[in-house]
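**Student:** Chains as they are written, first to last, in numbering that gives the first Met the number 0: chain A, 0 to 375; chain B, 0 to 397.
If you're looking for bench data, these hints aren't it; they were derived computationally from the structure.
Simulated pairs of lysine to aspartate or glutamate, EDC-like, Cα-Cα distance not exceeding 16 Å:
1. K7/B with D1/A
2. K314/B with D1/A
3. K232/A with D309/A
A few chain A positions that, by computed beta-carbon distances, are all more than 10 Å from chain B:
4. Y38
5. S128
6. L196
Which stretches of chain B does chain A cover? Using the computed rule of at least three CB atoms under 8 Å from a CB of chain A, they are:
7. 263-272
8. 289-303
9. 384-391
Please read all numbers here as calculations on a predicted model, not as lab measurements.
Ideal Cβ placement from N, Cα and C applies to all residues, glycine included.
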Amino acid sequence: MDLGLTEEQEMLKTSARDFLQKECPKQLVRQLDESDTGYSPELWQKMAELGWIGLVFPEKYGGSGGSFLDLIVLLEEMGHNILPGPFFSTVILGGLTIMAAGDEEQKKEFLPKIAGGKMLLTLALTEPSASYDASSVKTQAVGTDGYIINGTKLFIPDANIADHILCVARTKKEKKPEDGTTIFLVDAKSPGVKCTLLKTLARDKQCEVIFDNVSVPQKNILGKLDQGWPIVKQVLQKATVAKCAEMVGGAQAALEMAVQYAKDRVQFNRPIGSFQAIQHYCANMVTDVDGARFITYKAAWKVSEELPADMDIAIAKAWTSEACGRVTLLAHQIFGAIGFTMDHDIHLYYRRAKAGEIMFGDGDFQRAIVAQELGL
Amino acid sequence: MDFRFNEKEEAFRREVESFIKTELPANWTEKNIYWPGGYGTLSEFEEVNTQIEQFRRKLAEKGWLTISWSKEYGGAGRTNIEQAIFHERMSYYRAPGGEVATLIGGPTIMLFGSDEMKKEWLPRIARGEARFWLAYSEPNSGSDLASIQTRAVEDGDDLIINGQKIWGTAAHVSHYAWMIARTDPNVAPHRGITLLMVDNQSSGVTIRPLMNICGTHSFNEVFFDNVRVPKKNIVGEKNKGWYYVMVALDFERLVIPIGGFKRTFEEITEYARETKHNGQPLTQNPLIRNKLAAMAIEIEVAYMFFWQTAWMLDKGLIPNIEASVLKLFTTQLSQKLANTGMQVMGHYGPLERNSKWASLIGRVPAGYMDCISALVGAGTSEIQRNIIAMRGLGLPRP
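Working from the sequences, and respecting the hints, build out all of it.
**Tutor:** Written as structure tokens, this is what we have:
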């Protein structure tokens, strides 16, 4: 048993923290949160130069050949610095899907551009039913040679800036909803693609994407016709763990901020951190942060090793979602009135914890999976 | 990172598992109502003491009664991960194992005792022939342990002890008190405390049972009336007992009945599977499924804290936060598991052992009472949070 990070991972963690602190101060975070694009092209280029975007892509496609666990280490730091932008949608939802399902030509075409910071992607899966199962895919793609896509996708991250949208559509009506879905690589500039930005609590750039008779050539099918669901499922699993890592980073930052404030803030002639009520809040927070981190890394390790991980992922997401919610809420309590102001940073973490909880299924959703995996 | 056991660890796990399965008395799980985390339902307090004695002797033969000790002192010289593997399997099968002498006393003597003391005591402890009870708390000294009043006054080659100890778990089935007493009342409280061993058979020792709320005789109040103890029973130096006791807390870190949570959860789940309500198994009820899943998740998180603590110890890191979190988290789990069990079982939940209609041998209602002790014993949850906040996060003293 070895529960530590490798030397390289420790270095990645440290350098990521330093870089983001310097290059993405909270002022920039706020500016991007309130912008329509939600990202800084200059910062994006710098991240590409650091090799972050292609971290897990094979070297022959312009990547660094890193492991999924390396990516998790990086995501935790991005969560710690609440980095806005399309890293999650481009790399996790887009890049990993192409890596998993793309043919040689598609990989050659897309992955180097993504790694170089020249192309943004996202995955359009969810629809107004707001659910992650195959039966919720109602968007249709019809055709034999080329395909015409019609339907509405909702809660799609960063679709407003994506160059290509990976659209999950129904290509065949089968008894099992898992059968008959296909993933299409859709150029976001195709006629009939209409994208509307949604204003959300966490200012994560979720969109409504309407596909109105969008024409897609056959060669843009990702993976096999009618057999897209296993790929979607695999990507969802990775995305779920990746989201946990981001949340753990955010919760860690909220904890650090609250502890520092508890040491500095003086009331009744002494630091409020000397009061047991505050100390015990902090102890509860560290318990939640550490527990969430350990359980997330276990799931991430399993995914990285390609071991069966359905149960571990559901456990990690159920626990992390709720633990990080508790942590950011307690942080608010410690900051008191100042934390309720827009000028203060803690609300940025509180918002993101809620967004992360909902994304890819909350505690109740994941516990239903755990129950199933327990064979109940 | 690798969450798998390596070959040596895996082989050891199998060895422990097969040993327990071979040597544990038949139908052991029906013979005790032990609840993980609790102090009131240990099998020692049941009418199975001779069987426990036999099992312990076999553990001692393998050096497993003192698994963390070096071979030189009659232990097994195992790594912390291996110790954790051992405790995990033992607690899963609810097997009786170490006690105060093997877990706390022996390791402290190894660090601070004289060579003579090591020679005299360690082999006896390793053989299971000298069992200790923890004589720390007093009626007026609980969480504020350094305020103890029991006096030890020098008289030639002896000390004379006067005072009262309380919550002496298993004092009535042990041989010696592992005691802290005040030897210097004129200095700061924690600088005048001495650690020593007192024979239960000494003249002037009176052990009186205290019935706990599970209805078992687990702990005692013990009176010391002019009890004469040879000075050679002092561990380390006089007046340094407080420091030794603080260091000794480290030795208890991995003694968490982690496997017991898993086992008990499996039994409650099995009950839900087999029990029908309105013609449907309870496991079809979404609310029950949610509750059971929540327990499975918390148990898995507890396991993570457990392995992390062991791994850190092997790396030479000090698991300050982690060890207190492990205690805090698992004892809360003890309470939640008991509550979940009661909720799943409904009207059958409160039926106690030997009741005609009792399920799971009445373990759950016993646990519902015993889990109260989990969050109080060995440092309350509040004390654990203080440690995490001040020692772990560096928050200022109150």
